[in-house]
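Assemble chain B onto chain A, guided by the hints.
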Amino acid sequence: MNRAQSWLLLYLLTVVGITFVHQAGWLAAGLGLALLAAGPARWRLLTRAVLALLLFNVSVSLAYALVAWWQARPVADVLLLMNLRVLLLVFLGFWLVDRIKLLEALAGWPLLAMIATLAIGQVAVYRRLLDDFRLAFRSRNPVSPTPVDLLRHAGAQGGALLDKSLHSADQVAQAMRSRGAFDA
Amino acid sequence: MHIPDGFLSPQTYLPAWGLAGVAWAWAGRGLARRLDETLVPRLAMLTALAYALGLVMLPLPGGTSGHALGVAVLALIFGVRLAFLAYSGVLLLQALLFGAGGITALGVNALALGLVGALVAVAVRRLFAVAGDTVAVALAAFISLQVSALLVALLLGIQPTIARREDGTPLFFPLGPEITVPAVLLPHLLIGIGEAALTVFVWRHARRKGWVSA
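Those protein sequences? They're chains A and B, same order as listed.
Be aware that the first sequence starts at 30, since it is given in our numbering, and climbs by one per residue.
Be aware that the second sequence starts at 31, since it is given in our numbering, and climbs by one per residue.
In isolation and in its complexed conformation, chain B is listed as follows:
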């Protein structure tokens, strides 16, 4: 559901880049020590999966696309910091190689999908841990996708308000939140079910392999 280049005003994407820079520094601190020949192949595998998922997309009139993310599975297996960094790499590759997303929108996309998505996934799994592993993981994936989708829809929806000519003509993305929120959220309710199923599938695979503890 990443936002393409050219839809966000500098008032939005420049502060987002600044914030993302701070977040990347936080996420990358001490990471080199954690990465070894055991962790790296798993990370590479699931990062590539997230990359592949992001390319099977359905354009939405709300200014973004509908697709599964794979952020939740990255976060649940590797933690928020590594998931955020890995997904930022995915967004960069998708933007440069396929024109999906974009460089100006990278900060916003990384924060909304990579960081918030990962944080929500980990928090929801902890919150619903008592409901059993499968339910908690499925809910974590589903809810993290919806929160990211809502954030993206709101950020797009505020563009006509914060970047317009004196006569009110929008300079960037032209549709308001009354359109973006339902247009982005409704398809993601369905996509979220697929994301939840996929996350549970990969999570179980990871558990069978002993990558994560029960």
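Next up, chain A with everything else stripped away, as it sits in the complex:
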């Protein structure tokens, strides 16, 4: 087991353990401990975690607060427990990814590692291509485009995206073939 896999195992055991804790105080202490241990990256990771769950948890919390108020049920305890638990779990996930190389941690599962490698590569291709298209579209439209223009552009972009992505993945697959990745 390599270092990344050890961290992954520890992370998995910790997140399971956290779901058996039902006291907000313990979860807050766990979050404090994780923040201390995360070192200089703590505030960046915490900000990312809060942003990742903000919309989600606010919508659920507001819906529950409304229902609980209507039914005269306790609100604060439930929301504190739920939000602290979610924040701690998301923070730990981001901290893990910040600490280790994900593909190294997946090395024990060749099929999963291969799919993840290809998907991560493709995501980068998509992002680059979308940026190119967006900038090109903007430069060709000094005035606001009509909905028809937008639709036509989206169709062309979709087709190009698939072709470019396939070409890129094809190159990766050929490289993998030349290195024996598909040899039985």
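Treat the hints as calculated values from the structure; they're not laboratory data.
Some clues are possibly wrong.
To be verified - Here are the in silico distance ranges between beta carbons for each label pair:
1. B:Leu49 with A:Asp160: 35 to 43 Å
2. B:Leu61 with A:Leu41: 17 to 25 Å
3. B:Leu157 with A:Leu95: 36 to 44 Å
4. B:Pro45 with A:Asp192: 53 to 61 Å
5. A:Pro174 with B:Ala55: 46 to 54 Å
6. A:Leu41 with B:Lys239: 37 to 45 Å
The beta-carbon is built from N, C-alpha and C at its ideal position, and this holds for glycine as well.
The following block gives chain B in isolation, referenced to the frame of chain A:
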């Protein structure tokens, strides 16, 4: 529409992980022989598409998010087993890189979206094959999304019943099915139209390229 970390009780996610483990073993059996330099680029491309679709999400008060999945197109082109595995990879990446979904919820999400979504898509396409390819593919995408959404809503909705304190206070997700089902399903009726259109678009592209037979 994946469920985030911290909303599901261990009574739900631990058995789901066990079941998903069995399903992953089934899906992965003999797969290495199928993967070659022709199939892998197509799989990578559409897996990345599913990944991208999953990130354009709208949070729903029902405890999940609304977005297209891309599972149907994976299932229709590559089959249920490969679609399930590929989508599980997507869920893992989204959970770890973006905090969308989560590790504890991965088993539930993979089963509800990846496996059930793929199975329903393939079954519906076969069922409506007589209606023509475009209609069958569109219905497959639309219905598979609704079934997955319903499953996710029900799993969230049972949390206050199966995981609560003695006084009835919920320990995990606090809203019941009377809220989660409409809150999750209604937006997905609209999203399903987009999913169907996208699936037909990609399906036609795949047919033009000769990846799938008519």
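Checked hints:
1. B:Leu49 with A:Asp160: 35 to 43 Å: Once the Cβ atoms are compared, 40 Å apart, the range 35 to 43 Å for Asp160 of chain A and Leu49 of chain B holds.
2. B:Leu61 with A:Leu41: 17 to 25 Å: Given range 17 to 25 Å: holds, Cβ gap about 24 Å.
3. B:Leu157 with A:Leu95: 36 to 44 Å: About 40 Å separates the Cβ atoms of Leu157 of chain B and Leu95 of chain A, which means 36 to 44 Å holds.
4. B:Pro45 with A:Asp192: 53 to 61 Å: 43 Å, violated
5. A:Pro174 with B:Ala55: 46 to 54 Å: 50 Å, holds
6. A:Leu41 with B:Lys239: 37 to 45 Å: 40 Å, holds
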